[in-house]
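Going down the list, the protein sequences come from chains F and R. The first sequence runs 1 to 141 under UniProt numbering. The second sequence runs 1 to 147 under UniProt numbering.
No lab work stands behind these hints, which were simulated from the structure alone. Hints should not be assumed to be uniformly reliable.
[Said to hold, decoys possible] So the derived label-pair ranges between C-beta atoms look like this:
#1 Pro95/F x Asp80/R: 42 to 50 angstroms
#2 Glu116/F x Phe43/R: 46 to 54 angstroms
#3 Met1/F x Asp80/R: 30 to 38 angstroms
#4 Tyr36/F x Thr13/R: 21 to 29 angstroms
#5 His20/F x Glu7/R: 24 to 32 angstroms
#6 Pro44/F x Glu74/R: 35 to 43 angstroms
#7 Gln71/F x Glu74/R: 44 to 52 angstroms
#8 Gly73/R x Leu91/F: 35 to 43 angstroms
[Said to hold, decoys possible] Here's a subset of chain F near chain R, in silico, CB distances under 10 angstroms, partners left out:
#9 Val70
#10 His72
#11 Asn75
#12 Glu138
#13 Tyr140
[What the hints assert, rightly or not] Calculated cross-link-like contacts (lysine-lysine; reagent style DSSO-like; alpha-carbon spacing at most 30 angstroms):
#14 Lys62/R x Lys40/F
#15 Lys121/R x Lys40/F
#16 Lys133/R x Lys96/R
#17 Lys133/R x Lys121/R
#18 Lys121/R x Lys127/F
#19 Lys127/F x Lys67/R
#20 Lys67/R x Lys96/R
#21 Lys133/R x Lys127/F
#22 Lys133/R x Lys40/F
#23 Lys127/F x Lys77/R
#24 Lys96/R x Lys121/R
#25 Lys96/R x Lys83/R
#26 Lys60/R x Lys127/F
#27 Lys18/R x Lys77/R
Here a beta-carbon is modelled for each residue, glycine too, at the ideal position from N, C-alpha and C.
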Amino acid sequence: MLSAQERAQITQVWDLIAGHEAQFGAELLLRLFTVYPSTKGYFPHLSACQDAAQLLSHGQRMLAAVGAAVQHMDNLRAALSPLADLHALVLRVDPANFPLLIQCFQVVLASHLQDEFTVEMQAAWDKFLTGVAVVLTEKYR
Amino acid sequence: MSNFTAEDKAAITSLWAKVNVEDAGGETLGRLLVVYPWTQRFFDSFGSLSSPSAIMGNPKVKAHGAKVLTSLGEAIKNLDDLKGTFGQLSELHCDKLHVDPENFRLLGNVLVTVLAVHHGKEFTPEVQASWQKMVAGVASALGSRYH
């Protein structure tokens with residue numbers, strides 16, 4: 001459950017990302033692959049050549065989904081249902097990987113927002129992304 | 001165990017030289033206690049932890065954070081023998097403090113975000129990778145004598 005303050009923090013951070021989904025998403029993926037090389041196995045097409053255009057394209061897609069989650073943060077299950085199906089039936093990303101992605105997300109936010117990345121933002125965003133991960137892996141079994 | 005390359009060591013030591021241990025320590029421990037509130041379970045004696053501003057301003061949090069990062073600074077001088085460096089602290093955290101080693105991983109991750117806040121673009125994916133390796137090594141070393 002997100003408090004009103006947490007919702008405000010989440011929206012505030014998203015407003016800083018909106019419009020830059022591709023750039024943030026590409027950096028997120030680059031950090032994921034660099035810091036946690038075992039994750040590359042889930043993105044064979046992307047991680048082999050790390051073509052900038054492909055990273056931007058896939059990054060854009062991932063962050064657009066995050067944006068949709070922000071729009072529907074009170075009903076993630078419904079909003080993310082197709083993505084939950086995709087992850088359960090097709091992608092089958094081991095749930096242990098989501099905290100790794102979340103850590104990289106936090107670092108992207110922290111390095112771009114710097115002092116503007118308050119502790120309240122970090123807390124709200126960590127809670128929110130963890131909630132998204134739970135929904136995405138909920139149909140696994 | 002983690003093998004630190006020359007690049008890792010360079011990235012770690014050069015960034016560390018710019019870190020204000022007192023500020024970063026308080027910031028790191030404070031953020032840990034706010035973002036993962038269950039970690040407050042170890043700090044009942046610290047006084048008010050009732051809100052983010054109470055936590056971030058708490059003098060005991062700042063002092064303890066500085067202590068933790070000072071210890072990390074020592075580890076940075078001994079990257080090739082983290083287990084040796086943290087042997088006694090590992091026993092302390094197990095036998096006396098009863099800290100779940102998962103907390104070391106959480107703290108390490110928060111430290112990485114604090115470094116990213118302070119260093120912005122300089123905190124490249126490669127630098128992050130070296131530091132995540134560092135904090136993972138420390139967490140592992142601190143858990144190594146648990147029984």
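Now for the hints, and whether the structure bears them out:
1. Between Pro95/F and Asp80/R the beta carbons are some 34 angstroms apart, a value that contradicts the proposed interval 42 to 50 angstroms.
2. A C-beta distance of roughly 27 angstroms is found between Glu116/F and Phe43/R, which places it outside the suggested range of 46 to 54 angstroms.
3. The hinted window of 30 to 38 angstroms between Met1/F and Asp80/R is violated, with their beta carbons roughly 46 angstroms apart.
4. One distance hint, 21 to 29 angstroms for the beta-carbon pair Tyr36/F and Thr13/R, holds here, with the actual separation near 23 angstroms.
5. At roughly 29 angstroms, the beta carbons of His20/F and Glu7/R sit within the given window of 24 to 32 angstroms.
6. Take Pro44/F and Glu74/R: their Cβ atoms lie about 42 angstroms apart, and the range 35 to 43 angstroms holds.
7. The hint said 44 to 52 angstroms for the Cβ distance between Gln71/F and Glu74/R, and at roughly 47 angstroms that hint holds.
8. At roughly 41 angstroms, the beta-carbon separation of Gly73/R and Leu91/F lies within the given 35 to 43 angstroms, and the hint holds.
9. A hinted interface residue such as Val70/F counts as satisfied when its beta carbon comes closer than 10 angstroms to some beta carbon of chain R; here the least separation is about 19 angstroms, so the hint is violated.
10. Given hint, His72/F at the interface with chain R, is violated; its Cβ is 23 angstroms from that chain's nearest Cβ, farther than 10 angstroms.
11. For Asn75/F, the shortest C-beta to C-beta distance to chain R is roughly 24 angstroms, which exceeds 10 angstroms, and the interface hint is violated.
12. A distance limit of 10 angstroms between C-beta atoms decides the matter here; for Glu138/F the minimum to chain R is near 22 angstroms, and the interface restraint is violated.
13. For Tyr140/F, the interface hint is violated, since its Cβ never comes within 10 angstroms of a Cβ in chain R; the closest pair sits about 22 angstroms apart.
14. Proximity of Lys62/R to Lys40/F is assessed by CA-CA distance (about 38 angstroms); at most 30 angstroms being required, the pair is judged violated.
15. The hinted pair formed by Lys121/R and Lys40/F meets the criterion: a straight-line CA distance of about 23 angstroms does not exceed 30 angstroms.
16. Only pairs whose Cα atoms come within 30 angstroms are accepted, and Lys133/R paired with Lys96/R is accepted, the gap being roughly 27 angstroms.
17. Straight-line distance between C-alpha atoms of Lys133/R and Lys121/R comes to about 19 angstroms, which keeps the hinted pair within the 30 angstroms bound.
18. Our distance criterion of 30 angstroms between C-alpha atoms is met by Lys121/R and Lys127/F, whose separation comes to about 25 angstroms.
19. In summary, the hint linking Lys127/F to Lys67/R is supported, as the alpha carbons are separated by about 28 angstroms, within the 30 angstroms threshold.
20. Taken as a hint, the Lys67/R and Lys96/R pair is honoured in the structure, with Cα atoms around 17 angstroms apart against an allowance of 30 angstroms.
21. Under the criterion of a C-alpha separation no larger than 30 angstroms, the hint pairing Lys133/R with Lys127/F is consistent with the structure, at around 24 angstroms.
22. Of the supplied pair hints, the one linking Lys133/R and Lys40/F holds, its CA atoms being roughly 17 angstroms apart against a limit of 30 angstroms.
23. Pair hint Lys127/F plus Lys77/R does not hold up; C-alpha atoms about 35 angstroms apart against a cutoff of 30 angstroms.
24. For the hint linking Lys96/R to Lys121/R, the alpha-carbon distance of about 40 angstroms lies beyond 30 angstroms, and the restraint is violated.
25. At most 30 angstroms may separate the alpha-carbon atoms for a hinted pair to count; Lys96/R and Lys83/R meet this at roughly 19 angstroms.
26. At most 30 angstroms may separate the alpha-carbon atoms for a hinted pair to count; Lys60/R and Lys127/F meet this at roughly 26 angstroms.
27. With a CA separation close to 15 angstroms, the supplied pair Lys18/R and Lys77/R stays within the 30 angstroms bound.
The structure fails to meet hints 1, 2, 3, 9, 10, 11, 12, 13, 14, 23, 24 from the earlier list, while all remaining hints are met.
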